[in-house]
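Keeping their order, the protein sequence lines are chains A, B, C, D, E and F. Under the numbering used here, read the first sequence as residues 1 to 312, first letter to last. Under the numbering used here, read the second sequence as residues 1 to 312, first letter to last. Under the numbering used here, read the third sequence as residues 1 to 312, first letter to last. Under the numbering used here, read the fourth sequence as residues 1 to 312, first letter to last. Under the numbering used here, read the fifth sequence as residues 1 to 312, first letter to last. Under the numbering used here, read the sixth sequence as residues 1 to 312, first letter to last.
One thing to keep in mind: the hints can contain errors.
Given that identical chains are not distinguished, each listed pair holds provided it fits within a single copy or across any two copies.
Unchecked claim - 20 Å max Cα-Cα, derived EDC-like pairs, lysine to aspartate or glutamate: (1) 239 x 228; (2) 20 x 97; (3) 26 x 46; (4) 176 x 289; (5) 225 x 212; (6) 254 x 276; (7) 22 x 309; (8) 87 x 228; (9) 48 x 11; (10) 141 x 286; (11) 169 x 92; (12) 150 x 232; (13) 176 x 103.
Keep in mind the hints are simulated off the structure, nothing from the lab. Because the structure is a prediction, the values reported are computed rather than measured.
Protein chains: 6
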Amino acid sequence: MRYINELRDGEQVNGIYFCKVKNTLKTKMGKSYYALTLQDKTGVVDAKIWELNNGIEHFEAMDYINVIGSVTMYQGSIQLNVSRVRKAGEGEYDMKDFMPTSERDINEMAAELKGYIGSIENTYLKTLLTKIFLDDKEFFKAFTLHSAAKSMHHGFVGGLMEHTLAVTKICDFLAKQYAMLNRDLVISGALLHDIGKVSELSAFPSNDYTDDGQLLGHIYMGTAKVNDVAKEIAGFPAKLLTEVSHCILSHHGKLEYGSPKKPSLAEAIAINFADDCDAKLEALKELFDSNPTMPAYSKMLDNVVRRTEGIK
Amino acid sequence: MRYINELRDGEQVNGIYFCKVKNTLKTKMGKSYYALTLQDKTGVVDAKIWELNNGIEHFEAMDYINVIGSVTMYQGSIQLNVSRVRKAGEGEYDMKDFMPTSERDINEMAAELKGYIGSIENTYLKTLLTKIFLDDKEFFKAFTLHSAAKSMHHGFVGGLMEHTLAVTKICDFLAKQYAMLNRDLVISGALLHDIGKVSELSAFPSNDYTDDGQLLGHIYMGTAKVNDVAKEIAGFPAKLLTEVSHCILSHHGKLEYGSPKKPSLAEAIAINFADDCDAKLEALKELFDSNPTMPAYSKMLDNVVRRTEGIK
Amino acid sequence: MRYINELRDGEQVNGIYFCKVKNTLKTKMGKSYYALTLQDKTGVVDAKIWELNNGIEHFEAMDYINVIGSVTMYQGSIQLNVSRVRKAGEGEYDMKDFMPTSERDINEMAAELKGYIGSIENTYLKTLLTKIFLDDKEFFKAFTLHSAAKSMHHGFVGGLMEHTLAVTKICDFLAKQYAMLNRDLVISGALLHDIGKVSELSAFPSNDYTDDGQLLGHIYMGTAKVNDVAKEIAGFPAKLLTEVSHCILSHHGKLEYGSPKKPSLAEAIAINFADDCDAKLEALKELFDSNPTMPAYSKMLDNVVRRTEGIK
Amino acid sequence: MRYINELRDGEQVNGIYFCKVKNTLKTKMGKSYYALTLQDKTGVVDAKIWELNNGIEHFEAMDYINVIGSVTMYQGSIQLNVSRVRKAGEGEYDMKDFMPTSERDINEMAAELKGYIGSIENTYLKTLLTKIFLDDKEFFKAFTLHSAAKSMHHGFVGGLMEHTLAVTKICDFLAKQYAMLNRDLVISGALLHDIGKVSELSAFPSNDYTDDGQLLGHIYMGTAKVNDVAKEIAGFPAKLLTEVSHCILSHHGKLEYGSPKKPSLAEAIAINFADDCDAKLEALKELFDSNPTMPAYSKMLDNVVRRTEGIK
Amino acid sequence: MRYINELRDGEQVNGIYFCKVKNTLKTKMGKSYYALTLQDKTGVVDAKIWELNNGIEHFEAMDYINVIGSVTMYQGSIQLNVSRVRKAGEGEYDMKDFMPTSERDINEMAAELKGYIGSIENTYLKTLLTKIFLDDKEFFKAFTLHSAAKSMHHGFVGGLMEHTLAVTKICDFLAKQYAMLNRDLVISGALLHDIGKVSELSAFPSNDYTDDGQLLGHIYMGTAKVNDVAKEIAGFPAKLLTEVSHCILSHHGKLEYGSPKKPSLAEAIAINFADDCDAKLEALKELFDSNPTMPAYSKMLDNVVRRTEGIK
Amino acid sequence: MRYINELRDGEQVNGIYFCKVKNTLKTKMGKSYYALTLQDKTGVVDAKIWELNNGIEHFEAMDYINVIGSVTMYQGSIQLNVSRVRKAGEGEYDMKDFMPTSERDINEMAAELKGYIGSIENTYLKTLLTKIFLDDKEFFKAFTLHSAAKSMHHGFVGGLMEHTLAVTKICDFLAKQYAMLNRDLVISGALLHDIGKVSELSAFPSNDYTDDGQLLGHIYMGTAKVNDVAKEIAGFPAKLLTEVSHCILSHHGKLEYGSPKKPSLAEAIAINFADDCDAKLEALKELFDSNPTMPAYSKMLDNVVRRTEGIK
């Protein structure tokens with residue numbers, strides 16, 4: 001497979017790409033053509049199909065397509081002139097080659113997550129986590145492949161799990177440093193804090209807000225899911241359920257950020273810090289990785305930021 | 001029964017009052033005495049028990065007690081000197097004589113609420129409302145006696161239902177004036193918007209925030225209750241459940257007021273207006289009723305307000 | 001008359017349109033041509049006059065012009081190629097065919113407004129309203145044809161009266177529901193609250209901010225007009241004039257929205273709610289009417305909104 | 001006259017004071033007595049009348065009274081024990097001895113104000129100022145004795161004129177430094193900017209918000225007064241009236257400070273700066289004058305402030 | 001030594017306490033007496049000296065005094081009636097018995113701090129830290145005994161070092177978790193971020209804002225101190241000095257919290273998080289330690305908070 | 001020299017311009033060409049170099065270049081077709097012909113500044129100002145040519161000194177009007193308040209934020225410079241240095257505008273007013289000078305503003 005960031009002017013291309021956008025436009029002469037945006041995990045490229053003949057089989061946006069064509073330059077950017085297209089079959093491609101994907105191995109992350117569940121001592125919390133993450137295979141698969149956001153930070157395959165683990169790791173550290181933190185509660189809250197995102201955002205390749213996401217939000221949906229599962233666990237202590245629910249509800253830290261309650265428990269405060277810290281440092285990392293020149297504006301931090309240079 | 005606002009200097013008193021506060025203090029001489037705050041629906045009065053002898057039977061704050069004593073003046077205010085106390089039995093008093101209570105008849109309000117449920121055409125919403133308000137007698141009794149707030153507005157027995165009906169009535173009017181509003185949805189949302197307050201505040205006489213109220217809040221708890229009940233209704237349309245849930249979640253109108261989502265549906269906007277309008281006008285009414293002199297400061301409106309005088 | 005939203009590629013056109021924009025441009029060859037925006041009540045269309053010969057009589061932007069030409073497609077949109085133009089005479093057209101116009105009949109609305117004036121019991125307020133709306137024919141005609149805003153909501157012919165009536169109707173309802181509201185005052189305040197907009201915005205077709213509008217605003221100008229007229233009414237009670245003035249001054253509800261005083265009277269609070277409620281629901285209606293696809297962003301509500309779909 | 005700040009423990013007093021507060025209280029024994037607050041320009045003192053006999057003639061709060069009594073200490077403060085009281089006649093006292101009063105001579109300030117009016121070149125503005133300040137003797141007397149605020153800054157007799165002149169002087173300076181400023185407009189706006197305070201606050205001795213002040217505010221009332229007077233001046237240019245009105249309406253600088261329009265003219269911006277600068281520096285001066293120890297909290301500046309000490 | 005929290009009604013006392021407040025008051029009879037507030041590390045107690053005879057030697061507030069007297073109850077609280085006082089000599093007491101003091105051992109913390117300095121690899125930063133913390137013995141002693149705040153959090157002897165180490169430890173953890181963080185810079189910035197507090201607050205026992213603290217603040221003073229010392233280090237790279245200075249200047253995270261620059265470097269963001277996290281969790285811990293009953297209001301978090309109870 | 005605002009279609013040009021931007025682009029045919037932005041003090045003009053032959057000597061953006069070419073029109077704007085280019089030598093041009101420059105004479109302004117220094121009575125402040133402005137010739141030259149901002153206001157050669165003098169002049173006036181202001185301190189603070197801008201912004205022609213400017217800011221850098229110089233002055237009183245430092249640190253008036261401390265001294269308040277007043281009035285002046293049509297939007301004032309017209 002020839003990755004998009006390796007394409008060079010004048011090359012011939014024959015490979016599979018994910019078709020993110022497909023518009024039907026007209027030339028000044030009134031002739032129809034397609035303007036596409038093709039994507040793989042290394043980036044996106046504009047493509048044009050000028051001749052809509054038999055070589056162009058039916059396809060839609062969000063399809064994986066096999067493309068034959070040539071690379072040209074247009075206004076300083078690479079562009080594909082496509083002569084043949086056919087939809088790719090399911091076995092022909094691996095989604096992870098076409099979507100931005102976590103640098104961490106997904107199986108390794110899943111194992112780390114299971115390790116955290118295994119470390120919980122409280123029976124009820126351990127059962128709750130087991131039922132949500134381990135017993136429900138479909139949910140867990142969706143969780144492992146989901147992004148943590150449409151953009152902003154961790155907007156890639158595996159991003160939700162990567163973010164969840166980073167937050168949990170910070171909480172684990174804080175539980176060691178601050179004796180008042182109950183480790184079981186803070187680890188459980190960290191693991192659960194963003195599970196509502198599996199419903200708030202659709203899965204890849206679309207990775208966009210769902211209707212439920214817009215009307216209810218991941219904070220409500222995640223808390224509700226935890227409560228639904230806890231009801232199936234005989235004797236789950238009411239106060240403990242309230243506390244773990246509070247950790248999820250309040251994890252954005254402030255009402256104006258969408259939490260209906262501010263954090264009132266030490267564990268909830270720790271989770272809010274860990275979440276905010278990982279989101280911002282990861283956003284910074286992604287900005288540094290994608291911007292060769294510094295300084296650059298970070299929308300998430302609403303500030304002009306820059307790589308450190310004083311120590312080589 | 002002799003109401004507190006009728007007590008006069010020099011009178012003898014023998015009657016039942018609600019003991020809201022009971023403190024054990026010491027005189028300068030080191031002798032213990034009780035300082036009480038007694039309450040009925042007309043107000044509160046300070047009371048002192050200087051002699052802790054056999055005539056003073058055991059009681060606690062939040063008990064209804066039969067008090068014998070005399071009325072005196074102290075620093076310009078009425079005060080009770082109590083010589084005998086005994087706890088009142090359950091049948092001796094009616095809570096509504098001792099707590100601030102709605103001016104509207106509770107049965108009449110309950111009938112009005114049932115009338116609104118009867119007017120809903122959509123089967124699923126009608127079933128949902130029936131199960132919540134009519135089938136669950138215990139919940140409905142609690143709902144009819146609850147206050148809508150600890151203070152601020154409708155802080156009296158029956159206040160939650162009175163507020164709910166006022167909001168529903170405004171929504172009913174708006175549904176007639178604005179054709180785009182779906183009457184079934186806006187009426188259902190209005191009836192349900194504050195049901196979480198039954199869990200957020202404890203019942204009278206204490207009428208104070210519960211632990212769940214502080215950690216989860218009525219917005220989350222009300223929405224969760226609606227979803228729990230809807231799950232018992234076969235075929236309840238998912239989109240409809242999302243929409244009625246959104247109406248509850250968003251009814252505070254802004255994130256900084258504790259709604260995790262701003263209103264995105266016309267019906268949710270209407271409910272937010274009706275809720276805000278009734279809360280503020282009722283708060284104003286209560287201020288006017290309790291303040292003979294104008295202008296007066298309204299905490300809820302954060303403004304100095306006054307009765308209109310230009311037209312007699 | 002052929003409406004703009006009915007024009008089809010290839011048609012010949014001969015009709016009157018309102019010329020909203022007229023620019024003189026040059027082709028690459030250096031030849032002058034006109035680029036116009038033509039408007040009727042159904043929308044706008046770009047038009048070009050490539051040959052500036054005798055067939056093109058003198059006209060300016062904001063003129064009504066009779067246009068002869070042909071309809072073509074350019075970059076997916078309809079466009080007019082105009083060969084002849086002449087200014088239309090006053091009797092040849094009716095402004096309401098060319099401007100966005102209220103869906104309600106203007107005479108019917110005027111009658112409704114007079115009905116509200118007729119229902120006022122207080123002599124002074126009734127005289128005040130009569131002098132402003134009924135005795136001053138010129139003002140009343142302007143009022144009936146004005147928009148309520150440049151954009152945002154009710155930005156069409158008759159929009160100011162439509163909005164005024166909607167606000168008054170809500171206030172009438174609230175006066176029934178809340179006994180503390182003085183109906184005469186709240187209805188008068190509602191009818192008068194936006195009369196300053198007749199001076200703040202110029203009349204159609206331009207419908208733009210005037211100099212006085214920018215420097216003084218409709219809140220001040222409306223209040224000042226009421227005071228000027230009230231001075232002509234012998235014995236108008238000073239306190240009543242202050243109260244009705246306060247209702248106008250405070251109707252934006254908050255200082256940061258341009259009211260120099262927050263509402264301090266129950267009637268002023270009711271008017272503020274009614275104004276805000278109607279403005280937002282009408283803005284939503286206009287958004288739904290003009291956006292086939294949902295969700296859509298509402299600038300006025302600063303939120304992504306959507307039509308309700310759960311109940312068909 | 002013996003000033004309050006000169007009273008010493010043990011002295012006998014016989015003099016006239018302004019009675020700011022008069023409360024009728026009861027001793028523990030049930031005997032009525034008066035608790036007064038007496039005031040002169042040097043401060044206030046508590047006074048008690050224990051024996052309500054014939055020597056205590058009838059008087060009310062806000063009366064000037066001749067008091068005979070003795071000075072005692074109570075809880076570290078001076079207090080008056082009063083044995084005889086009679087109301088003082090109008091000719092017996094001069095209000096300026098009893099109220100906080102400007103350090104500047106009132107006649108001298110009036111002359112300075114007239115000088116500014118004389119320096120205006122534009123006929124219409126000069127006529128406007130003459131009619132408001134010079135022709136209306138009653139208004140001018142009220143203006144010269146008014147305070148600029150209930151508290152905050154310039155809360156003393158003559159304070160409104162002192163503040164008006166200071167603002168005008170700063171504007172006069174700015175008109176010299178910035179050529180784009182029209183001196184006639186900026187001086188007129190400065191002289192007129194706070195004339196509404198004569199209606200917003202009652203005159204001394206009460207110096208408190210009037211009903212009109214609370215419901216309409218000095219910004220609206222001042223602008224309305226200028227417009228009423230301008231209507232009497234034949235040919236007053238409409239645009240000029242709009243501009244001077246804008247200077248008054250916008251002089252608080254921001255909507256949230258109660259101006260319905262932000263300053264849009266250079267002169268309006270200059271007046272806003274001058275007003276804010278003088279208010280804050282005067283508030284600081286009054287704080288320094290009344291607080292021997294530093295640092296001290298300034299409510300107006302919302303900051304802990306201090307006298308400069310680095311240069312003796 | 002008898003600690004204040006062990007004093008019981010009726011006991012005789014003979015011991016050394018820190019005199020925090022000394023007021024000279026008068027009884028109703030006009031006799032002078034002293035009202036003191038005495039303090040040790042376990043709390044404060046009111047004390048009265050009714051007889052100012054020879055047994056009461058001269059002392060001032062902020063002195064350590066040997067007190068002989070008896071314990072009494074007054075209005076439900078312990079109080080000391082003092083009969084003899086003399087100032088204690090320097091060797092008679094240890095400040096740490098009288099002031100709230102860190103639970104951690106100060107020498108142990110000093111060793112931990114030195115360990116962090118030893119772990120820095122960059123020569124310039126290591127020299128900088130060595131000169132500031134190790135070479136300047138006087139500064140280091142002050143640093144080790146200082147509080148981190150007047151109240152809010154870590155307001156005790158050793159609090160500044162305890163807070164500094166906690167922040168550094170979090171940063172050390174983050175440097176391991178996020179590869180983009182330069183450990184030398186983030187550790188140096190963490191160690192230095194609050195050194196300006198040694199000048200902003202006076203040392204114990206007064207522990208109050210200094211004049212320089214109020215006018216310049218610890219953010220400026222700390223940065224300036226770092227720059228002054230760096231100038232003494234030959235060849236200190238300018239860019240590195242800018243970066244470490246930026247970490248100190250920006251550590252409050254937002255302009256409105258007093259940082260003149262928002263964090264623009266990853267290390268500065270990490271320090272801001274660590275500082276905020278430790279300050280808030282420590283404030284919570286102190287609240288939990290001092291409030292037996294929950295929930296309680298935390299001023300720093302502006303929220304009602306509570307100990308976790310769901311897991312025993 | 002032919003100024004850019006005098007170039008006319010069809011002319012031949014042979015002159016020196018400042019090359020602000022130089023991009024290498026390609027035509028559709030794949031041929032490289034240069035797209036330049038040339039600048040002199042009267043404005044900017046686009047230029048194209050289609051033939052990159054020997055006549056085009058090497059140059060970079062930010063170079064002064066001698067250009068030979070012809071003036072053409074493109075899309076309604078003047079454009080230069082350049083046939084020959086060579087870099088200009090240092091003696092061939094005067095920077096002030098190519099950059100926007102103060103309307104005031106720079107030597108005259110320097111003299112005025114020296115006059116203010118001469119008027120200072122306090123020896124230490126006078127020495128401080130002398131060492132900073134007069135003894136350090138290099139700094140003073142930079143100061144005299146610097147702008148006060150990248151855009152917003154005074155963004156031209158000499159702008160920093162012009163602004164500094166305007167602020168100082170206002171402070172001088174205020175020191176006369178308000179006796180509590182110490183003239184030496186307020187004048188010194190005014191002269192020094194923006195000296196950090198010499199380091200925050202690079203010199204012309206680039207006039208852009210430096211790395212130190214972004215990471216440290218002119219408020220910190222200016223204060224630090226003053227402290228560095230003061231340390232060289234034997235006996236400089238510590239309190240005086242704190243006060244003058246405070247005047248610089250606090251001159252933005254609010255934390256959210258980047259001052260780490262709000263003004264706490266009368267002189268600091270005066271400097272903040274003078275700075276804000278001059279910045280805003282100058283921004284308005286620049287807007288009026290560059291916008292023939294009114295009203296216009298001012299970004300700095302966040303308002304639509306307009307020239308005054310009521311008085312011709």
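These are the hints, each one checked on the structure:
1. 239 x 228: both (15 Å within a copy, 19 Å between copies)
2. 20 x 97: Answer is within: at 14 Å inside a copy they meet the 20 Å cutoff, but 43 Å across does not.
3. 26 x 46: For residue 26 and residue 46, the Cα distance is within 20 Å both inside one copy (16 Å) and across copies (19 Å).
4. 176 x 289: between (32 Å within a copy, 19 Å between copies)
5. 225 x 212: Answer is both; intra-copy 14 Å and inter-copy 18 Å each pass.
6. 254 x 276: both (11 Å within a copy, 15 Å between copies)
7. 22 x 309: Classified as neither; 43 Å inside a copy, 28 Å across copies.
8. 87 x 228: neither (41 Å within a copy, 43 Å between copies)
9. 48 x 11: within (15 Å within a copy, 31 Å between copies)
10. 141 x 286: Neither: 25 Å inside a copy, 43 Å across copies.
11. 169 x 92: Intra 37 Å, inter 49 Å, cutoff 20 Å: neither.
12. 150 x 232: neither (32 Å within a copy, 34 Å between copies)
13. 176 x 103: For residue 176 and residue 103, the Cα distance is within 20 Å only across copies (17 Å; inside one copy 28 Å).
Going down the numbered hints, you'll see the structure goes against 7, 8, 10, 11 and 12, while the others check out.
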